[in-house]
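Based on the provided sequences and hints, a complete structural model is requested.
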Amino acid sequence: MTMADDSQASGGARAEEFRKELGPLAVAVETALMPKIFTDGTAPDHPVIFANDAFLRLTGSTREEILDKPLSQFLVDGPGPDILSSLDKMMTHGGCAIWKMRRHRLNDDPDGKRQFLAAVQISPVRNGDDVICQNYLSFVELGDHDDRISEFAGQIDQSQTSQMREMYDSAPGFIAVTAGPEHRFTFVNESYKRFVRKDDIEGRTVAEVLPEVVDQGFIDLLDQVYRSGEPYVGEGMGIGIFSPTSGKVEIRYRDFVYQPIRDADNKVIGLFCEGYDVTEQRETAERLSALQTEMIFVSRVNAMGTMAATLAHELNQPISAIANYTAGMMRLIEPSDKNADRLTQAVEGIEQASQNAAEIIQSLREMTKKRVPVRAPFNLKSAIDECVRLVNAAVPPQVNIVDDVPGDLTMTADRVQIQQVIINLLRNGCDAVLESERQIVSIEAKDQGTELLVSVSDTGPGLSADTESGIFTWSTSAKESGMGLGLSICRTIVEAHSGLIALAESSPQGSTFCFSIPQSDQPGAARPRPN
Numbered sequence: 043m044t045m046a047d048d049s050q051a052s053g054g055a056r057a058e059e060f061r062k063e064l065g066p067l068a069v070a071v072e073t074a075l076m077p078k079i080f081t082d083g084t085a086p087d088h089p090v091i092f093a094n095d096a097f098l099r100l101t102g103s104t105r106e107e108i109l110d111k112p113l114s115q116f117l118v119d120g121p122g123p124d125i126l127s128s129l130d131k132m133m134t135h136g137g138c139a140i141w142k143m144r145r146h147r148l149n150d151d152p153d154g155k156r157q158f159l160a161a162v163q164i165s166p167v168r169n170g171d172d173v174i175c176q177n178y179l180s181f182v183e184l185g186d187h188d189d190r191i192s193e194f195a196g197q198i199d200q201s202q203t204s205q206m207r208e209m210y211d212s213a214p215g216f217i218a219v220t221a222g223p224e225h226r227f228t229f230v231n232e233s234y235k236r237f238v239r240k241d242d243i244e245g246r247t248v249a250e251v252l253p254e255v256v257d258q259g260f261i262d263l264l265d266q267v268y269r270s271g272e273p274y275v276g277e278g279m280g281i282g283i284f285s286p287t288s289g290k291v292e293i294r295y296r297d298f299v300y301q302p303i304r305d306a307d308n309k310v311i312g313l314f315c316e317g318y319d320v321t322e323q324r325e326t327a328e329r330l331s332a333l334q335t336e337m338i339f340v341s342r343v344n345a346m347g348t349m350a351a352t353l354a355h356e357l358n359q360p361i362s363a364i365a366n367y368t369a370g371m372m373r374l375i376e377p378s379d380k381n382a383d384r385l386t387q388a389v390e391g392i393e394q395a396s397q398n399a400a401e402i403i404q405s406l407r408e409m410t411k412k413r414v415p416v417r418a419p420f421n422l423k424s425a426i427d428e429c430v431r432l433v434n435a436a437v438p439p440q441v442n443i444v445d446d447v448p449g450d451l452t453m454t455a456d457r458v459q460i461q462q463v464i465i466n467l468l469r470n471g472c473d474a475v476l477e478s479e480r481q482i483v484s485i486e487a488k489d490q491g492t493e494l495l496v497s498v499s500d501t502g503p504g505l506s507a508d509t510e511s512g513i514f515t516w517s518t519s520a521k522e523s524g525m526g527l528g529l530s531i532c533r534t535i536v537e538a539h540s541g542l543i544a545l546a547e548s549s550p551q552g553s554t555f556c557f558s559i560p561q562s563d564q565p566g567a568a569r570p571r572p573n
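The sequence shown begins at 43 in my numbering and counts up by one.
Just so you know, these hints were derived from the structure itself, not from any lab.
Just so you know, not all the hints are guaranteed correct.
[Stated by the list, open to error] Here are the simulated distance ranges between beta carbons: (1) Ala-507 with Gly-276: 46 to 56 angstroms; (2) Val-444 with Arg-329: 36 to 46 angstroms; (3) Asp-87 with Leu-333: 55 to 65 angstroms; (4) Arg-236 with Val-444: 25 to 35 angstroms; (5) Arg-417 with Val-291: 42 to 52 angstroms.
Even glycine gets a Cβ: it sits at the ideal position worked out from N, Cα and C.
Encoded structure:
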């Protein structure tokens, strides 16, 4: 085997080893439309260890002709001392350059003398010990050198050729380049303009274009990258951008990288930003999470309903036994006994308590039945009395529920569903007054002609402005342990009856919720909220 064969075998092995290190990224880089190569950063002549298909097309070479060959062989002027010195600097510090390159093996250029200019972006790749192990190079062909500039001074504005602009403008992600410590835009693509919702950008500083981000730490982050020279990677980071459509600052989310740009002397002269708008993905993930939370809650509600029905069924028997025993005890009391009156009073109390428990369980069983909603006239006072008994059984004795509902009101609706609304409002009121000096919850109802209005008031501390704005939205809950579905379900039930539900009043002295149900069989038209 000749020395050339040994070198080729060594180069192939090194390339294959590096390809394994890249893993799945190798396929992405290899099929990328932009010409790209990796060079060995540990070797003095910077041999090529990886080249993608686009680079092969650009140079007209094969991988066998490229791998393990010094990078300088692709330069027209050859490896002179000035070229090698400049090349070493770029490989150490990174940056942009315009190189005069050689195109090989074309049908119309068999001698390989065809030349072209290429813009090159070089990025050193460092290992965990901050030692350069490879160099990553991207190329953009600028055309024949007779029609292009032949030198590159390292300044950002000199690299903004029309072809580079066209390439970056069509990129799917947003791209921006700033110059100087004041971060003055020298280039932004269309995707970046859409993201920040601005058009007049280039030539102005970031603070001038986006004054709303100054107090968000955004400028501080740019200053940090510019001063330190260290790149910054952000994932899913939010930024408030002013929206001309809504007239408000709206949060947008992005994945991005800030990369310092250096000149030939390794001085940072600007920043390169590239990223993607992930707002839609973030909002979709949040909606999915909210939906999962709702499904979990509904699952728990179904489980609780099943458990409540089971308990109601099982408790019905011992309560019936208590009623039977009290009836037997009444018969055993001797009228002549000196404690007969006291015993009779005690047994009657037990009997009344067992009847109340039986009524509560019967109401619970009715409410947990799966059935089609039925609208029919019912006595509102009787329905509310059942609700008050159910809620009273689960709240501390110091909470006083005042029932001021007239006894002659008749509502036409699904009795059980309306009871669900009332129970939820009463329980919320009881929870609200637990820490108050006056622990009073009152319920009232009145006939307003075409509809009945039911109001539940409490003496709690009231609701905050933020809570008020979304109180009937399922994802909002004023309780630390609440799931936020109660009032949303109430609204669904009331609106299904063509009614309206609202927070009528809220102050530090208490809150009042009310709902109205029309007393006709026709679907309710738009009406003012109850007050």
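**Asked** Hints broken by the structure, by number, lowest first?
**Response** 1 and 4
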